[in-house]
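Asks: Generate the whole structure from the sequences, applying the supplied hints.
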Amino acid sequence: MIKRILILVMAVQLVGCAELQKVANQVTQGTGLSQEQIGNGLREALDNGIKNQVSKLTATNGFYKNELVKIMLPEELQAVDNGLRKIGLGNLADEGIKVLNRAAEDAVKTATPIFVNAVKDMSFTDAKNILLGDQNAATTYLQGKTTESLTASFSPVIKNSFSKVGADKVWSNLISKYNSIPFVNKVNLDLTQYVTNQALKGVFTMIEVEEKGIREKAGLRTSALLKQVFALQD
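Its first residue numbered 1, the sequence shown is counted upward by one per residue in the numbering used here.
Hints are not guaranteed to be accurate.
Stated by the list, open to error - 30 Å max Cα-Cα, derived DSSO-like pairs, lysine-lysine:
1. Lys109 / Lys217
2. Lys227 / Lys159
3. Lys227 / Lys212
4. Lys109 / Lys159
5. Lys51 / Lys217
6. Lys227 / Lys201
To be verified - Here are the simulated distance ranges between beta carbons:
7. Asn61 / Ser149: 46 to 56 Å
8. Ser223 / Ile87: 19 to 29 Å
9. Ala59 / Ile87: 18 to 28 Å
10. Lys177 / Glu148: 29 to 39 Å
11. Thr112 / Lys227: 34 to 44 Å
12. Ala152 / Glu75: 23 to 33 Å
13. Thr60 / Lys212: 20 to 30 Å
14. Gly88 / Thr110: 33 to 43 Å
15. Gly90 / Glu36: 53 to 63 Å
Note that these hints are calculated values from the structure, not bench results.
The beta carbon of each residue, even a glycine, is placed where N, CA and C say it ideally should be.
Replies: Written out as structure tokens, the structure is:
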């Protein structure tokens with residue numbers, strides 16, 4: 001069955017649009033699934049990844065208590081963290097890390113509509129390439145379609161969230177205290193872009209977890225359509 005679908009992949013480079021459509025029809029008839037069913041199955045899988053994983057990141061501690069995506073300090077601020085802990089201000093350092101993660105949790109709430117649009121726009125060719133691609137092919141597709149929009153969406157939310165949860169004051173206090181330590185290199189870092197990038201990384205990490213699960217574990221294919229479509233890549 002998989003060989004029939006591979007014929008379609010090769011045909012993209014060998015025939016024109018009319019001929020390709022004819023070959024595609026033959027292939028999908030051979031699998032018992034239409035192009036629409038295959039596309040819908042992949043869309044369902046992506047929707048599941050968004051619903052089951054990305055939504056978890058928006059909860060309180062969605063980032064902070066998830067070791068796969070927890071946002072730690074950037075390299076430039078490791079010295080701040082170490083310096084504060086050495087002088088007995090470990091609790092203050094922990095609070096600084098927590099507010100970074102709170103900002104990311106807040107920002108990811110804006111992600112779902114962007115992902116939904118990307119999934120709706122997925123063509124049969126996209127679906128075919130995802131189905132026959134690497135274990136993270138769906139994640140890679142979403143990265144290509146949504147990273148720019150997600151960055152534009154996350155950045156202002158994170159900046160506002162820093163103010164809302166008091167991160168701006170916490171970090172001002174942290175850095176001020178660190179910079180007051182004698183003989184240290186002074187630090188002055190804007191964290192908005194850093195947390196934006198880390199939030200994006202976390203989102204795609206969790207989507208990839210879901211995708212890998214569906215590809216490898218038949219028990220996670222929770223509908224008849226998912227079972228039929230992903231049987232093609234088994």
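Asks: Look at each hint and say if it fits the structure.
Replies: Hint check results:
The hinted pair formed by Lys109 and Lys217 meets the criterion: a straight-line CA distance of about 28 Å does not exceed 30 Å. Between Lys227 and Lys159 the alpha-carbon distance is near 42 Å, which puts this suggested pair outside the 30 Å criterion. For the proposed pair Lys227 and Lys212, the alpha carbon gap of about 14 Å is at most 30 Å, so the pair holds. For the hint pairing Lys109 with Lys159, the CA-to-CA distance comes to about 14 Å; that is within 30 Å, so the pair holds.
Taking the CA atoms of Lys51 and Lys217, the gap is about 18 Å. The hint holds against a cut of 30 Å. A distance of roughly 29 Å separates the Cα atoms of Lys227 and Lys201; the hinted pair therefore holds under the 30 Å criterion. Between Asn61 and Ser149 the Cβ separation comes to about 26 Å, which falls outside the hinted range of 46 to 56 Å. Checked against the hint of 19 to 29 Å, the C-beta distance between Ser223 and Ile87 comes to roughly 56 Å, which is inconsistent with it.
Distance hint check: the CB atoms of Ala59 and Ile87 are about 34 Å apart, inconsistent with the given range 18 to 28 Å. Against the hinted window of 29 to 39 Å, the Cβ-Cβ separation of Lys177 and Glu148 comes to about 37 Å, which satisfies the hint. At about 25 Å, the beta-carbon gap between Thr112 and Lys227 misses the expected band of 34 to 44 Å. In this structure the supplied range 23 to 33 Å holds for Ala152 paired with Glu75, their Cβ-Cβ distance being about 26 Å.
Distance hint check for Thr60 and Lys212: the Cβ-Cβ separation is about 26 Å, which falls inside the suggested range of 20 to 30 Å. Between Gly88 and Thr110 the Cβ separation comes to about 38 Å, which falls inside the hinted range of 33 to 43 Å. Distance hint check for Gly90 and Glu36: the Cβ-Cβ separation is about 57 Å, which falls inside the suggested range of 53 to 63 Å.
When the structure is compared with the earlier hints, violations turn up for hints 2, 7, 8, 9 and 11 and for no others.
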